[in-house]
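Engineer: Heads up: the sequence lines are chains A and B, in that order. Its first residue numbered -12, the first sequence is counted upward by one per residue in this note's numbering. Its first residue numbered 2, the second sequence is counted upward by one per residue in this note's numbering.
There may be inaccurate statements among the hints.
[What the hints assert, rightly or not] Residues on chain B that point at chain A, a partial pick, calculated with CB under 10 Å:
no., residue
1, A41
2, A42
3, R45
4, L50
5, R53
6, E82
7, D84
8, D109
9, Q112
10, L119
11, G161
[As the list claims (entries may be wrong)] Simulated restraints on C-beta separations:
no., chain 1, residue 1, chain 2, residue 2, range
12, A, H63, B, I248, 46 to 56 Å
13, B, R195, A, A235, 41 to 51 Å
14, B, R45, A, V119, 13 to 23 Å
15, A, G15, B, V208, 43 to 53 Å
16, A, D123, B, S38, 57 to 67 Å
17, B, V107, A, S139, 18 to 28 Å
18, A, D123, B, L52, 39 to 49 Å
19, A, E120, B, L52, 25 to 35 Å
20, B, G239, A, E91, 39 to 49 Å
[What the hints assert, rightly or not] Here are some chain B residues the structure puts well away from chain A; computed CB gaps all over 10 Å:
no., residue
21, L49
22, F64
23, L76
24, P220
25, I248
I should point out that these hints are in silico values taken from the structure, not numbers from a laboratory. We put the beta carbon where it would ideally sit given N, CA and C, even for glycine.
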Amino acid sequence: MAPSTEPTRAAAPRGSEGMGQAALEVDGLIRRYGEREALSDVSLSLAAGHTLVVFGPNGAGKTTLLRVLATLLRPHAGSVRVLGSDLIHDAWQVRGRVGLLGHEPLLYRELTAHENLRFHARLHGVDEQRVVELLDAVSMSTRAAEPLRTLSRGMVQRVAVARAVLHDPPLLLLDEPYANLDPAAVELVAPLIGAAGDRDGADGLRTRVICSHDPSRGLTEADVVLGLRGGRPVLLRAASEVDASDIAELYR
Amino acid sequence: MTSVQNMAPQDVPPQDLQEPAQGAQPLRALRQTGFASTVAALLRKELLLELRTLESVPGMSLFAVSTFVVFHFALNRNSVEGDLAAGILWVTLLFAAMLGVNRLFVADADQGGFDAFLLAPVDRSAMFVAKTLALLAYLVVLELVAVAAFALLLLGSPLGPALPGLAVTLALGDVGVAVIGTLVAALAVRTRARDLLGPLLALPLFVPIVIGGARATSPLLVASHPAWPALRWLLTLGLYDLVFGLIAFALFDFLLED
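Okay, chain A solo, but in the shape it has when bound (with noise of 0.2 Å):
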């Protein structure tokens, strides 16, 4: 079945009437690099507590997407609101309400990965414990004191996921979230950036944006999926009506 190019704005997905304002509201986004633009045009919304999964090859416009959403780019035409914030004037008020677990760990390598956190704690108010919690939850206690320089990718990426969520985010945003992960690893962090959160009595859902390449855990996870390609959107439903056939007919 060939990807659906009519809507580019996306209804609620099905389930989620009446669940609240959107968390995510992007109309006619663009962003361009130079003359290039990475992003064309992109209009969607996502209820809060809901997630979208983001597909699409190298170069689609992914990670340009969640770095708008995370504040470090600026949309150059279009409006963006973010956990009902308007980014272009009150971008402000988004940073430390969004968790990003990008490419990069955004961690230092020379630093241990106990001093990395509690340097990202101090920053986001969150006290020591939370970060030995995290450590623990990630099964980095035993490596913490160790510089990240002399640890595999494989261990980064859990220290990573553990700054991602350090502060309990309503949003997080997850590019590739389990690359450079085996299967134990996997089961590990699942649960810290899952829609729940990972604290026990979080009184709300976390809204996530996950870009994969994986079309069966990625439309396991999603409420909605977004399909982009050149850097605009060629797919836009809820997760319900697609299927692997729709994702890989994205990448070809």
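Dock chain B against chain A, hints included.
Structural biologist: Positioned in the frame of chain A, the structure of chain B alone reads:
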């Protein structure tokens, strides 16, 4: 004037932050980190990284000592004093400082430190203050080594009587170098030609510091009767520090913007 998008959370009434958008309830109540606490965290990280890598201070110190050795042989004189001594000291210190300036933001740019910092709900000026303090610390260590080497290799007279005046002059010069160096390094680090752009931008801005520093230091390094630096040169250095400190503080937020 601070634009709306550059406002830090502490610039707005706290109640605004306690009202998250409907449907976007944070899992954890948003907490704020104070300016001083943010600066302390950033400064601690800077010094820890330097202690681990030893990328800046040893290189700066070695450069200064090597330059004095070269001057020692190139000038073919047993000792220097006055204007010549002051000029050699200040020019060498500034070139050595440039090595530290060029390295100041490299770890942040290459390892994602900028992005991580920009994602945190903190005042961006805290990074400017922390980086300036870190560079200031590097300069102090550099000068402890360099001034001792300078006295040993080039200065004919004992340095003891000149030390208090020299310390004041160097301190005033260091503040200017650290402020301008941090501003220029932040500007250059995101460009492809950062190693070239840093010195090209910084050296012209350092010229008034060289002039003021060397003129203030010159009477201190006269062998026969060292005198306290002229007040006007100390005031010139102080005023330059103040003006560029304010400019850099106001501009720094915009340098971090996309």
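Engineer: Take the hints in turn and mark each one as holding or not.
Structural biologist: We went through each hint and held it up to the structure:
no. : hint                          : result
1   : A41                           : 8 Å, holds
2   : A42                           : 4 Å, holds
3   : R45                           : 8 Å, holds
4   : L50                           : 6 Å, holds
5   : R53                           : 4 Å, holds
6   : E82                           : 43 Å, violated
7   : D84                           : 43 Å, violated
8   : D109                          : 9 Å, holds
9   : Q112                          : 6 Å, holds
10  : L119                          : 6 Å, holds
11  : G161                          : 39 Å, violated
12  : A:H63 <-> B:I248: 46 to 56 Å  : 29 Å, violated
13  : B:R195 <-> A:A235: 41 to 51 Å : 42 Å, holds
14  : B:R45 <-> A:V119: 13 to 23 Å  : 19 Å, holds
15  : A:G15 <-> B:V208: 43 to 53 Å  : 49 Å, holds
16  : A:D123 <-> B:S38: 57 to 67 Å  : 25 Å, violated
17  : B:V107 <-> A:S139: 18 to 28 Å : 24 Å, holds
18  : A:D123 <-> B:L52: 39 to 49 Å  : 27 Å, violated
19  : A:E120 <-> B:L52: 25 to 35 Å  : 28 Å, holds
20  : B:G239 <-> A:E91: 39 to 49 Å  : 42 Å, holds
21  : L49                           : 6 Å, violated
22  : F64                           : 22 Å, holds
23  : L76                           : 40 Å, holds
24  : P220                          : 44 Å, holds
25  : I248                          : 23 Å, holds
Taken one by one, the earlier hints fail for this structure at numbers 6, 7, 11, 12, 16, 18 and 21, listed in ascending order.
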